[in-house]
Structures are given as structure tokens and as C-alpha cells.
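Visitor: Given only the sequences and the hints, what does the whole structure look like? Please build it.
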Amino acid sequence: MSVLKVENYSKIYSGTKKAADNISLDVESGDIYGFIGHNGAGKSTTIRAIVGVLDFTDGEIYIDGHSVKKEPLECKKITAYIPDNPDLYENLTGLQYLDFIADVFDIDSDVRQARIKEYADKLEITDALSDPISSYSHGMKQKVAIISALIHEPKLLVMDEPFVGLDPKAAYMLKEIMHDMCKKGSAVFFSTHVLDVAEKLCNKVAIIKEGKIITQGTMEDLVGDKSLEEVFLEGVNIA
Amino acid sequence: MKNRTMLLLKTLNRSTSSFNILKTSGDKKKKQKIIASYVGFGLIYILIVVYAVMSAYGYAQLGLVDKLPMLTALLLCTLAFLLTLFKAGSYLFGFREYEMLMALPFSEKTIVSSKFLYMYVKSMPLNMAISVAMLIGYGIFKGPAINVYPLWIVLSAVLLVIPMLAASFFGFLIAKIGTAFKHWKVVQTVLTLVFVMICFSLRFIIEKLFRNGEVKTAITDASKSIDMMGTYYPPMAWFEKAIVDHNILSAILLVIVTAVVFEIVFYILSRSYKKMNSVMRTGAAKRSGQIKIQKKKSKERAIAVKELRRLVSSTNYFVNIGIGYILAIVVSVLALVIGVDKIIQVVVNGAPVTSQMILPAIPFVIYFLTGMVPMTTCSPSLEGKNYWILQSSPLTNRDIYFGKLLASLYISVPVQLFATIMFCISAKASVLETIFFMILGFALCIFSSTFGLACGIRFMKLDWENEIEVIKQGTAVVVYMFPNMILTCAMLFGCIFLSNAIGIVLVSILAVAIYSVLIFILSLRVKALCKAI
Numbered sequence: 001m002s003v004l005k006v007e008n009y010s011k012i013y014s015g016t017k018k019a020a021d022n023i024s025l026d027v028e029s030g031d032i033y034g035f036i037g038h039n040g041a042g043k044s045t046t047i048r049a050i051v052g053v054l055d056f057t058d059g060e061i062y063i064d065g066h067s068v069k070k071e072p073l074e075c076k077k078i079t080a081y082i083p084d085n086p087d088l089y090e091n092l093t094g095l096q097y098l099d100f101i102a103d104v105f106d107i108d109s110d111v112r113q114a115r116i117k118e119y120a121d122k123l124e125i126t127d128a129l130s131d132p133i134s135s136y137s138h139g140m141k142q143k144v145a146i147i148s149a150l151i152h153e154p155k156l157l158v159m160d161e162p163f164v165g166l167d168p169k170a171a172y173m174l175k176e177i178m179h180d181m182c183k184k185g186s187a188v189f190f191s192t193h194v195l196d197v198a199e200k201l202c203n204k205v206a207i208i209k210e211g212k213i214i215t216q217g218t219m220e221d222l223v224g225d226k227s228l229e230e231v232f233l234e235g236v237n238i239a
Numbered sequence: 240m241k242n243r244t245m246l247l248l249k250t251l252n253r254s255t256s257s258f259n260i261l262k263t264s265g266d267k268k269k270k271q272k273i274i275a276s277y278v279g280f281g282l283i284y285i286l287i288v289v290y291a292v293m294s295a296y297g298y299a300q301l302g303l304v305d306k307l308p309m310l311t312a313l314l315l316c317t318l319a320f321l322l323t324l325f326k327a328g329s330y331l332f333g334f335r336e337y338e339m340l341m342a343l344p345f346s347e348k349t350i351v352s353s354k355f356l357y358m359y360v361k362s363m364p365l366n367m368a369i370s371v372a373m374l375i376g377y378g379i380f381k382g383p384a385i386n387v388y389p390l391w392i393v394l395s396a397v398l399l400v401i402p403m404l405a406a407s408f409f410g411f412l413i414a415k416i417g418t419a420f421k422h423w424k425v426v427q428t429v430l431t432l433v434f435v436m437i438c439f440s441l442r443f444i445i446e447k448l449f450r451n452g453e454v455k456t457a458i459t460d461a462s463k464s465i466d467m468m469g470t471y472y473p474p475m476a477w478f479e480k481a482i483v484d485h486n487i488l489s490a491i492l493l494v495i496v497t498a499v500v501f502e503i504v505f506y507i508l509s510r511s512y513k514k515m516n517s518v519m520r521t522g523a524a525k526r527s528g529q530i531k532i533q534k535k536k537s538k539e540r541a542i543a544v545k546e547l548r549r550l551v552s553s554t555n556y557f558v559n560i561g562i563g564y565i566l567a568i569v570v571s572v573l574a575l576v577i578g579v580d581k582i583i584q585v586v587v588n589g590a591p592v593t594s595q596m597i598l599p600a601i602p603f604v605i606y607f608l609t610g611m612v613p614m615t616t617c618s619p620s621l622e623g624k625n626y627w628i629l630q631s632s633p634l635t636n637r638d639i640y641f642g643k644l645l646a647s648l649y650i651s652v653p654v655q656l657f658a659t660i661m662f663c664i665s666a667k668a669s670v671l672e673t674i675f676f677m678i679l680g681f682a683l684c685i686f687s688s689t690f691g692l693a694c695g696i697r698f699m700k701l702d703w704e705n706e707i708e709v710i711k712q713g714t715a716v717v718v719y720m721f722p723n724m725i726l727t728c729a730m731l732f733g734c735i736f737l738s739n740a741i742g743i744v745l746v747s748i749l750a751v752a753i754y755s756v757l758i759f760i761l762s763l764r765v766k767a768l769c770k771a772i
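Chains as they are written, first to last, in this note's numbering: chain Y, 1 to 239; chain H, 240 to 772.
Quick caveat, the hints were computed from the structure, so don't treat them as lab data. You may find that some hints are simply not true.
[Claimed, not checked] BS3-like, lysine-lysine: derived pairs with alpha carbons at most 25 Å apart:
(1) H/LYS415 with Y/LYS18
(2) H/LYS262 with H/LYS700
(3) H/LYS513 with Y/LYS5
(4) H/LYS348 with Y/LYS70
[Said to hold, decoys possible] Now the in silico label distances, taken between C-beta atoms and shown as ranges:
(5) H/SER440 with Y/ASP127: 56 to 66 Å
(6) Y/VAL164 with H/TYR277: 57 to 67 Å
(7) Y/VAL164 with H/TYR388: 54 to 64 Å
(8) Y/GLU71 with H/ALA396: 33 to 43 Å
(9) H/VAL551 with Y/THR218: 44 to 54 Å
(10) Y/GLU71 with H/ALA771: 48 to 58 Å
(11) H/LYS262 with Y/SER137: 15 to 25 Å
(12) H/GLN630 with Y/GLY224: 47 to 57 Å
This structure is a prediction, so every number in the text was calculated from the model and none was measured. By construction, the Cβ of each residue, glycine as well, lies at the ideal position given by its N, Cα and C atoms.
Guide: Below you can see the structure in the form of C-alpha cells.
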């Protein structure tokens, strides 16, 4: 069943420049879907449209059957988004911020406490949660953003370059968390530059160049006996 | 489920509340700064309260005690409208955490209305200081029934909403028109400036309407004029009726109309909110593929140019800083075209003041506009999260802050000198007087930028959520404005007074000497602050 369905999505900037051109994607329950492309290829624009931050020119995006355009709130209730550079409320403590997110998603106190503790322990940030976010490093902010994304057990987790700034253990834990989510029937959609990670982690992948999808499919079909790096370089050089 | 608007409002307030930092931060230096800012703001609020109570006393002496509610309403509505006008765009659109909020299950209406309410809550201390002070005056001189006190406070808080909504709506319209263009920032800046100029002109037109003729007549007719205000803007009349006549229907009407206007405004705003923000957050990409070779600059000049680019790239920054300079240019050109005496008559409402009387103080008259808020009060804080770029560059703090000082002077000096020449020609000042006015004007620009820089570094706030927090409401701006205003007034009247005894040129030399000493002291302070960072 499709958790995320992108149909002929296009985004035009400044009247003429197409940041995304007729993109179609299908992310199913249990998928870890990698979205690969070089800088300025249109990855972040697409991701922002999926999570309802950016409006788009043409096409439709559905999350669990709900239209992002027509039912944005329904979509957001079951989605979590972690941007590449999370802008959190700097003057709140980590815990105050997580409490706010839990309130937004209407999570009961005991449930939120258990989930915050579980993920904070896994990501080794429990002790720092009572400090103001302004005192956190980039990686710590990323960890708080990850916990806030998981607090409502989303059906779809969308991430933009999630591994940037994470220490090796936190990166490993995030991968584990992604696998756990998928086992429970959720789906993960993320952009990355790190092709090795994508190759090991994802079961599906799409490569984007200058706003167009140049190839997509299951990792097995796409890669065959080559490496993802080779497929990517071939793809972007030919297209 | 909790009320989402209130939840977001609570979080927005908490996230920018210095009290929260005071409670949670372990940084002693930060805590000390917060306490110092509390003391500073406390003193300013005391000054405002004293001023408002004294005004109330003045009106009571003129036999206008019954008109105090209407005057309070007028003061609050005007302040709320004008102050919101400068910051609404920045609060409602293109704020930093937009992406995070939009990705959460909040409707556009919830986000934009919470942002408005947040702006409203932030403006409450100032508005309530005025309202309560006027209430104290009304209580002393009128002695109203006990229920008037809570009613006054509640209704004066409600009264602020419609002017703020109106200013926000104008901000929205300007942003909406702007985003239809490729270079939306330029269009938005020009439209905002035009609108602000219209508001300033309206102020004089309205004053002329209410006070036509001489000051004495104005006082005699004041009662009638005040009543007229209620017919132009009914919510003020409803406020007055509720307070003076105990008319509960008027109070209910005020609340209901405010709620209806609120709903309508946010219904309209939320419809194109996402589209407008999408445009604002992406900008126009111009990929020409050409690399223009820039001329090599000194470190200080490079920083100064960067500062000027920062100024013109932000509508809020440009409008707040630039308005004084633009007004100075407009007024000085008008002085040359229609004559300085006509301008004086408009400003002083027919009081017997001539250009020859203010001639010794021309540099200070212009400085009232050019020295309102120099760039240096907010440019250190505006570095925000990008501060690391300068910190990690091979620059000393002296290079950084001298560059910022230079940027401020690049703007203020030409404007001050241009306006001085225009005014001097119009007021028929001698060549010698003009030269000394220009020297004094130059000294004033250096003083203003150095004093602004000292405040800007001392009260530097890098962890802002919205740039308007440091442009419009920063501690540095407030700490700069009040002493600067008092000193300018004292020097202005001092120069006029002394020039009768020792002549204009000698007075100017004396003023230059005083400002030179102040600049020297402030330079030492800036140097010390640069070392302490």
C-alpha cells in the first residue's frame, strides 16, 4: 500500500526555472526510499513540497491516500520531517521543545515520557535535554529533531540529509530506528549524498538530475552487479 | 486536543522569553545581561508611566478630564498601528522557523494568527504601561466607579487589536503585491516606504484638521476635536462610552467587532499564506554563468560593503533604519523648494517659531532624523547565527566593528551634509555658518554611529528568532534612543539659547568640542568592549 505517492509533480520558480519537472514516485509501507542527486538537483524542493512547506505548480502528492494540497493537516498528522539544518526554538530546553511537539501531536504525558526517554537514551542525549537548545552542537540539535520526529510514531518519515553532523553511534542508531519503523509498517523517504549508506540501507532509490527523475526502482533491479555509485555516475553523465 | 493557537502562542512566547533563559541557562554572563536589560526596560517603563500621568494631569488642568479615555484610545490606537506597521511583515511572513511549523499539523490560519497574537503579547508591556498610567491619571482626577478600572484595562487591551490587524493587513497587501514580482524584495521595500511616508503625511493632515489655526484656539476647540475622533473611528467612541457612560452595549460591541475583524483578516491572510511564503523563501535565481571580478577592498571596507548589502537585502532592516535618512532628504529638498519657514509652521502647528530662531540648531534638527537609529545599534546582533563567519575569519574585533562603523557613516554623513546644505541655503545661513554646521553634522554622525556601536556590542543578541527583535525591539536600540534624544534636545535648545550671547559660529565650535569629547569616550568604550568579547 502506498504511504507516499507523488504524481506528475512540478515546481517552477521565478516564472521559468523548473526546480522539479514531472516527478512521480511511489513509496510503500515498509520501504526505505533513498532520493539521490547532486546539489541543486531538486531534492530539497521535492521534499519540502511533500511535507507541505512549499506549494507546487503541477501534479499531486498523496500521503496515506490524503492529498497534500487538499488535506494538509491530515497529511501532517501522520508525517514527520527532519530538515537538513533543523531550526529549533533555541531558547527552549530540549525537553521543553519535545513537550511542545508532543502537545502538537496530542500525545499523552506517560506515552511521551516513555518515548522521549527511549529515543533520548538510544541517541545518548538524555542528560542534555534540560539544557537550552542554543547550547547544543549541530549533531545534538539533529538528535532532538529526530526524537521530535519519532514522538508520534509517524507513518511516513521524511528526512533531508539526515546523517550530516551525526556521530557514528547516532548514525547507526538512526539506521536501526528506520528499520524498526519499517518493520512496524511505516515508510522512510530521505535524501542523501552518501551513496554507500543509501546502497546498504534502502530497498528503493530514485536518482534526480536538474529536476527530473532519471531512474528509479528497487535497489536490486537498479544496481544489479554494479555499485550504486557507478549507476549514479552513469545516470547523471548520460542524462 | 488543546487549542492549537494557544499552544503555539505559549511556545513562541516561551522560546523568546528571556525569563526562560534565566531559568534554564547556566551561562552567568548571559544571565547578567538579561537582568541588566530588565533594569533598563524597567526604567524606561517608569519614564513612560511618569510621562503619561503628567499628560493626564495636564489634560485635567485644561478641563479635559472627561476626554482622557478618548485621548488614551487615540494614543494607543495610533501607537499600535504605527509600531505594527514596521514589524508586521517580519513577524507574519518569512520567519526562521517557518519550515518547522509548516511541517507540523498546524493550519496556515493557526500559524499566522499565533504569530499575530505573539506580536500582540510582545507589544503589551508598552501599551499597558501607557493605558494603566492614563488610568491612574483618570482615577486621580475623575474618581470613577470601581468597576471602571478593570473595564478600562480589558477594553484598552481589546482596543489595540483592530489597529494592529489593520497594520498587519497593509503589511500583507504589500507583501502580496511584492511577491507577484520577480524582484519582490525591492518592490516590497519601496511599497513599505511609500506607505510609511503616506502615514507620516496623514499625521500632519489629521493634526491640521483637528488644530486648524493657533495653539490657543486648538486648546479651546480640543474638546470638540476629541469628540470628532470617535466619529472617524467608532471603536474609540465605544471605548469612551463604556468608560464614561458605563455603556455595556458599547463594550460588547467593541469586543464583538474586534473578534469579527480578527476572523475576517486571518481568513484572508491564510488563503495565500503558503504561496507567499514559498516565493519569499526561494527568491529569484539568476544563473548567468558569468563571474564579475570585484575590486580588491580593505578588510574594513569589505565588512562595510557587506553591511550595506545586508541593509538593502532586508525590507525590515532597510525601512526601520532608512526611514530617518529618507525623511531627512525629503524634508531638506522641501525646505529648499517651499522654504524652511513653511515646514516649521507645519511641524509646530502655527506656533511663533521662525527659521532665524532655529538657525543655530540646524544640524540638530536634521540629526533628529538622521540620528534616530544608526545601523550600528543592530548590525552586531544581526550577524546572528552567521557570526561564526566573521569569528573564524582572519579579522580582529577592531576590523569587524570598524567596518560596521564605516557602513553607518557611508549612509549618515552624505545625508546629513546634503540636508545641512539644503537647510542652510533655505534659511539663508552665511558660508561660514554653513561650513561649521557641516563640521558639526559630521561630528554628530560619528557620535551617533559610535554610540550606536557601543550599545550594539554591549547588548549584542545573536540568538534571535526574528530579525525584527534586534532591529525594532533590541535592548541596544532602546538604550541608544532615549539618552540620544535627551542629549539632542538639550544641545538643540542650548545652541539656540547660547547663540544669542556668543554667536552661531562659536556655539557650533563649542558643540563640536563637546561631541569630540563624547566620541573619544565612546571610542574607548568600544575598544574595551571589543577586547571583552
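Visitor: Against this structure, judge whether each hint is valid.
Guide: Hints, one by one, checked against the model:
no., hint, verdict
1, H/LYS415 with Y/LYS18, "holds, 22 Å"
2, H/LYS262 with H/LYS700, "holds, 18 Å"
3, H/LYS513 with Y/LYS5, "holds, 21 Å"
4, H/LYS348 with Y/LYS70, "holds, 15 Å"
5, H/SER440 with Y/ASP127: 56 to 66 Å, "holds, 59 Å"
6, Y/VAL164 with H/TYR277: 57 to 67 Å, "violated, 39 Å"
7, Y/VAL164 with H/TYR388: 54 to 64 Å, "holds, 57 Å"
8, Y/GLU71 with H/ALA396: 33 to 43 Å, "holds, 36 Å"
9, H/VAL551 with Y/THR218: 44 to 54 Å, "holds, 51 Å"
10, Y/GLU71 with H/ALA771: 48 to 58 Å, "holds, 55 Å"
11, H/LYS262 with Y/SER137: 15 to 25 Å, "holds, 22 Å"
12, H/GLN630 with Y/GLY224: 47 to 57 Å, "holds, 49 Å"
The structure shown violates just one earlier hint, number 6.
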